[in-house]
Amino acid sequence: MTALIEPPTTVAAGRPTEPPRGGRKAPRTTSLGGLAIQMPFWVLTAALAVIFLYPLVWTAISSVAPLAGTNQTDGWGLGNYITLANYQDGILQYIGNSVFVSLLTVVLTLVISLLGGYAFARFNFRGKNALFLATIAILMVPYATLLIPLYVLLNMVGLSNSLVGVALVLTMFQLPFSTFMMRIAFESIPRELDEAAMVDGCNSWTVLWKVLVPAVKPGLITVGLFAFLAAWNDFMAPLILINDSTKMTLPLAVSNLRGQVQGVVDYGATEAGVVVLALPCILLFLILQRHYVRGFMSGAFKG
Amino acid sequence: MSTTVTPASPPVATTRTGRAPGRRRMRRSGNAVTGWLFALPTALFVVLLFLVPLVLVFQMAGSNWPLLGGNQGINFPENFPKALDNRFFMDSVVFTLKYTVLATVLLIGLGLGLALLVQESSRWKGFLRTAFLVPSALGLASASLLFYVLYSPIAGPFAALTKQWGFTFLGTPDAALWSTLFLIVWRFAGFYMLLMLVGLQGIPEDVYEAARIDGGSRWQIFRDITIPLLKPTLALTTVMCVTGSLLAFEQFYILTKGGPDNSTITVVQLIYNVAFQGPNNLGVAGALSVIVLAALVIINIVQIRAFSKKAED
Numbered sequence: 001m002t003a004l005i006e007p008p009t010t011v012a013a014g015r016p017t018e019p020p021r022g023g024r025k026a027p028r029t030t031s032l033g034g035l036a037i038q039m040p041f042w043v044l045t046a047a048l049a050v051i052f053l054y055p056l057v058w059t060a061i062s063s064v065a066p067l068a069g070t071n072q073t074d075g076w077g078l079g080n081y082i083t084l085a086n087y088q089d090g091i092l093q094y095i096g097n098s099v100f101v102s103l104l105t106v107v108l109t110l111v112i113s114l115l116g117g118y119a120f121a122r123f124n125f126r127g128k129n130a131l132f133l134a135t136i137a138i139l140m141v142p143y144a145t146l147l148i149p150l151y152v153l154l155n156m157v158g159l160s161n162s163l164v165g166v167a168l169v170l171t172m173f174q175l176p177f178s179t180f181m182m183r184i185a186f187e188s189i190p191r192e193l194d195e196a197a198m199v200d201g202c203n204s205w206t207v208l209w210k211v212l213v214p215a216v217k218p219g220l221i222t223v224g225l226f227a228f229l230a231a232w233n234d235f236m237a238p239l240i241l242i243n244d245s246t247k248m249t250l251p252l253a254v255s256n257l258r259g260q261v262q263g264v265v266d267y268g269a270t271e272a273g274v275v276v277l278a279l280p281c282i283l284l285f286l287i288l289q290r291h292y293v294r295g296f297m298s299g300a301f302k303g
Numbered sequence: 001m002s003t004t005v006t007p008a009s010p011p012v013a014t015t016r017t018g019r020a021p022g023r024r025r026m027r028r029s030g031n032a033v034t035g036w037l038f039a040l041p042t043a044l045f046v047v048l049l050f051l052v053p054l055v056l057v058f059q060m061a062g063s064n065w066p067l068l069g070g071n072q073g074i075n076f077p078e079n080f081p082k083a084l085d086n087r088f089f090m091d092s093v094v095f096t097l098k099y100t101v102l103a104t105v106l107l108i109g110l111g112l113g114l115a116l117l118v119q120e121s122s123r124w125k126g127f128l129r130t131a132f133l134v135p136s137a138l139g140l141a142s143a144s145l146l147f148y149v150l151y152s153p154i155a156g157p158f159a160a161l162t163k164q165w166g167f168t169f170l171g172t173p174d175a176a177l178w179s180t181l182f183l184i185v186w187r188f189a190g191f192y193m194l195l196m197l198v199g200l201q202g203i204p205e206d207v208y209e210a211a212r213i214d215g216g217s218r219w220q221i222f223r224d225i226t227i228p229l230l231k232p233t234l235a236l237t238t239v240m241c242v243t244g245s246l247l248a249f250e251q252f253y254i255l256t257k258g259g260p261d262n263s264t265i266t267v268v269q270l271i272y273n274v275a276f277q278g279p280n281n282l283g284v285a286g287a288l289s290v291i292v293l294a295a296l297v298i299i300n301i302v303q304i305r306a307f308s309k310k311a312e313d
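If you read the sequences in order, they're chains C and D.
Counting in this note's numbering, the first sequence runs from 1 upward without gaps.
Counting in this note's numbering, the second sequence runs from 1 upward without gaps.
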């Protein structure tokens, strides 16, 4: 359980100093002969690394490279990004929509799973297990199965074609992971901590806010990161729930941009769109990689 | 930590409620009410955005419900034969199953392979893990758009090559399937590698030690120790991968648009098309959703049974 506070470093990439876990110890030879034996390994892994990184690097480079049929026909430059910027209502509109949906989803997910995790970890109430199981059961139901009735329901309550509606739906889809994650985050904190604070005159709300929130902060970061990545990248929920082209989110806008000019695909602008879509995710991932990995270590993907 | 990753407990079969460690009696009677208040937002979301829509989809499946006209009353069971008679139904089921088997075999195999490759810690292996994981940060839609350009016969880096050798990435049904599988492996292999690493870490060191003392070869150790002890992880990843693949949508919607010749229509794509493109029939789409839901529940139960049976042996 301590994983929540101190993720085991063996898996946390980018922490090279961890002693190798015995198992199949890599022969740590620096001699020339050792290198020769290791050669196939180096060639294989280097090739794999290239395969995984190449599409990203290629896209980034060719988004500024010249290509016939795009806005960047000769010489290098930002022509494709200019096409992208002027697409329909302007890319800023779509980035704004995506930022709005993502931030609202992150905030809602954090608040709900913080309160819910606290409730599940620290209180006994009627229907607790049923509610927890129902939350986890969201994972079992296909996305499309829920999105069609949600489309009808949101229409009924006046949230049709609304970014708030999309954020509500995305938050619901995040709840199984985030509730589970926050529950074990709270459970890993000794109860003595709350009890001591209670003795000092805190009530359950101030205990949560002043004592426990700082303690579960790593869990909150993981939950927030997963919620952001899911919301920023989601395609199907806005595809079904949004009809109005000014309210499209970025993935939808970039996807639609392909078929604009008389069926001729502007590949350059699409590349630029992919870069704009991918960049925040990759940066966040690289900065918060340990928190990303912790999401897996927590066991939240088990069972 | 060890408690969360021990492979000893059969993870798929256990419900998560069993996880709470021996909890003490609650301190005050007021607790129950306070607890409910804290759980209230979760309950509201689960009921309004999950349980109510779930009931609604069953109602839709039994009703005449055009997209624009709204509910026109019950017509059960008319939508079900209509769903089964859809001219793409059988094709989409067959294609989805084929895709699922291939994707699962590839992702589980490669996930495990990559995990074994980067298991120990070193600077280079840390870099490799990051390299394999970076694509997982991209959305499936972004990744599909990226490969849409990469596979393009005009703008892709292999454009000249495809012309010279006379093949296309997306032009024939088989090429489209394998190109999509490559995209999926690229996007998800790191994700499954990470899950496998977590599982591998749960295998105690002394088991390997004992096997080596007994003179087991690398292959014997892998076959007789790693694989059996990794079974819970393998079960979990297989269930996840099968579920995800059966519900595939974005990759085909963006990359192939169901083509060429409607050869890559998945079941979820069919549901989407019936509901929003063309027939606009939410009743039939609901019926299809119910069929998919039932199939998914059955397939998952069969998988979990199969894995827990093997675990007992």
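Mixed in with the good hints there might be a few duds.
So, partial list: chain D residues that the calculated Cβ filter (under 8 Å) puts toward chain C [what the hints assert, rightly or not]:
id, residue
1, T42
2, L49
3, P135
4, A141
5, F147
6, D174
7, G286
With the Cβ distance kept under 8 Å, some of the chain D side facing chain C (calculated, not the full set) [unchecked claim]:
id, residue
8, N31
9, F45
10, V94
11, L97
12, V101
13, F132
14, V134
15, A160
16, L161
17, V198
18, I213
19, V268
20, G278
No lab work stands behind these hints: they were computed from the structure.
Just so you know, even glycine gets a beta-carbon here, dropped at the ideal spot from N, CA and C.
Status of each hint after checking the structure:
no.	hint	verdict
1	T42	holds (4 Å)
2	L49	holds (4 Å)
3	P135	holds (6 Å)
4	A141	holds (4 Å)
5	F147	holds (7 Å)
6	D174	violated (21 Å)
7	G286	holds (7 Å)
8	N31	holds (5 Å)
9	F45	holds (5 Å)
10	V94	violated (18 Å)
11	L97	violated (15 Å)
12	V101	violated (18 Å)
13	F132	holds (5 Å)
14	V134	holds (6 Å)
15	A160	violated (13 Å)
16	L161	violated (14 Å)
17	V198	holds (5 Å)
18	I213	violated (13 Å)
19	V268	holds (5 Å)
20	G278	violated (15 Å)
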